[in-house]
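Residues per chain, in single letters:
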Amino acid sequence: MRIVSPAVSQRIAVSLLWSMAALTMGILVFIVAYVLWHGLPHVTWGFLSQSPRSMGREGGVFPIIIGTLWVTGLAIMIAAPVGLITAMYLTEYARQSRLTNVIRFGADCLAGIPSIIFGLFGFVFFVITLGMGLSVLSGALTLSLMVLPTIIRTSEEAIRAVPRAYRDASYGLGATRWQMVTKVVLRSAMPGICTGIVLSIGRSIGETAAIMLTAGSALGFPKTVFDSCRTLSLHFYILSREGISMANAYATASVLIVVIFGINLLAYWAMKRFVAGKR
Amino acid sequence: MKQAAKDKCISLTLMAVAMSGISGLALITGFIFREGLPIMMKVGLGKFLLSSNWYPQEGEFGIFPMIVGSVAVTVGAMLIGGTLGLGCAIVLAQFCPPRLVSLLKPGIELLAGIPSVVYGFIGVVILVPFIRDYIGGPGLSVLAASVVLGVMVLPTVTSISFDALRAVPRTYREGSIALGATEWQTTRMVMLKAAKSGIVTAIILGMGRAIGETMAVIMVAGNTLDLPRSVLDPVRTLTSNIALEMGYAAGDHRKALFATGVTLFVIIMVLNTIALAVSRRRPGRVGQA
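These protein sequence lines map, in sequence, to chains A and B. Counting along the first sequence from 1, when you hit position 118 you're at 118 in our numbering, and nothing is skipped either side. Counting along the second sequence from 1, when you hit position 204 you're at 1204 in our numbering, and nothing is skipped either side.
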């Protein structure tokens, strides 16, 4: 026997679902708004251009921004070419075989490993075994492994989306495979590849645990890649966890959020253009 | 012929570079196990995993409370994040006007990019005091960690479940509506069934993210070494144990932290394998429902 008629259960379910969606959106928007509301007033030119004083209680975050740029930039400079080449190999050169399956499986597994494990590995391998110490380089190498799967996956998808006709036409004009891949396929897959890279930049900037174990948390300017440095998210973590300065913590978080939103919007814009170009 | 040789050469070089991902994975696995396994064997696997005594100075390493902690906050996170995320995905895929979807979907993906420390921070300044004042306990608790992680995995779960629901062929939905089913019956009996593998993948990936999260959990979970008795008790997870003590650990203590990493690694790999196996099954066939 039916207790509730379908029409009633429909009405109940829909209102329940809508309130769940509203709650989700509400929470997420609230978090961003709350941080920006408390933080943006403290983000002044001085905050962005000064060095931190007394462990970050006063002063700004300039060396930390530089440290973030170093680590992230270096990580992407390592991961982007390797990821792109892997994707090129998987899509254009290799025949589908056990080897390509193994390579894909490796990337999928790598994507699921938690950052603290990357941190442990980076610490024992780059920092200790290879003797790089807590440094920009150790941090960047660790991060590059972390973001590699994202770059492989997105590049692979972008390359696959290039129409067959492009390849045929290129061969028809007498191009070698290498010319076809580099001059035709990669060029038309570029927006999709860029999306992957931009998303990886976002992930690198937001990373904390792995950075703490591999790049350290020195507050000074990194002069070479062998110096320890601190990134924005780690600085934010330390400021808030140790209760050093709430105002500066909010301000650092605001800078982080604004930067990451900017980066994501850039990726979204690139993707939009990519999709539009496909039509 | 010369061209073919050149082509072969390029292909081999590319292959060598393409192996770096899998070599990285092998290196990570090798080094984590090399550092962690010996101490696990020395303490005894059963004792390491099931003892509740973690006294690194006395050489006692038992991580049972942390395993319980990790499982507790992850289950809690999935109850909150999984339910809300799936609900959100259903609304976006089924009931939302397209223009709103094209605004909300990128919005949710944007939120997936917020660093986890920001979620942890909000947990500390708003959630923890709220729990302490209105629900009870010290505030820093399983509940706080579950909520923070639940919110953190929301974008992941929503976004992947949404894609899975969208991938169900239109005809399924139209067929069901044409047979006189209500929207909700269609969702429940047709759409959710057809998108099941994608939704399961979303939940498992969300779980992986929750169990692997470190900094946000450290900020709100309290990190005590005792077994939690209720959701209002503080707790320490496997990840926080590593991050909290790695800074000063040496000798056997450090090795035991690597062993904690090995445990986490194995749990994650099992979850990933399930996720991969499920997501390989193509969606599209509805059961005999």
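It cannot be assumed that every hint is accurate.
As the list claims (entries may be wrong) - Here are the simulated DSS-like pairs of lysine-lysine, each with C-alpha atoms no more than 25 Å apart in a straight line:
#1 K1006/B x K183/A
#2 K272/A x K1008/B
#3 K1002/B x K183/A
#4 K1193/B x K1047/B
#5 K1196/B x K1105/B
#6 K183/A x K1196/B
#7 K1105/B x K1008/B
#8 K1193/B x K1042/B
#9 K183/A x K272/A
To be verified - If you want a taste of the chain A side facing chain B, the calculated C-beta under 8 Å gives, among others:
#10 V82
#11 V124
#12 I244
#13 S245
Since the hints were derived computationally from the structure, they do not count as laboratory data. These figures come from a predicted structure and were not determined experimentally. The C-beta atom is built at its ideal place from N, Cα and C for all residues, glycine as well.
Tested hints:
1. K1006/B x K183/A: The given pair, whose Cα atoms are some 17 Å apart, holds under the 25 Å limit.
2. K272/A x K1008/B: Violated, at roughly 36 Å.
3. K1002/B x K183/A: holds, 21 Å
4. K1193/B x K1047/B: Roughly 43 Å separates the two Cα atoms, so the pair is violated.
5. K1196/B x K1105/B: OK: K1196/B and K1105/B at ~20 Å, within 25 Å.
6. K183/A x K1196/B: violated, 41 Å
7. K1105/B x K1008/B: Violated, because 44 Å separates the two Cα atoms, which is more than 25 Å.
8. K1193/B x K1042/B: violated, 48 Å
9. K183/A x K272/A: Since the Cα atoms of K183/A and K272/A sit roughly 22 Å apart, the hinted pair holds (cutoff 25 Å).
10. V82: holds, 5 Å
11. V124: Nearest chain B Cβ about 5 Å off; hint holds.
12. I244: Given a least distance of 13 Å, the restraint on I244/A is violated.
13. S245: violated, 13 Å
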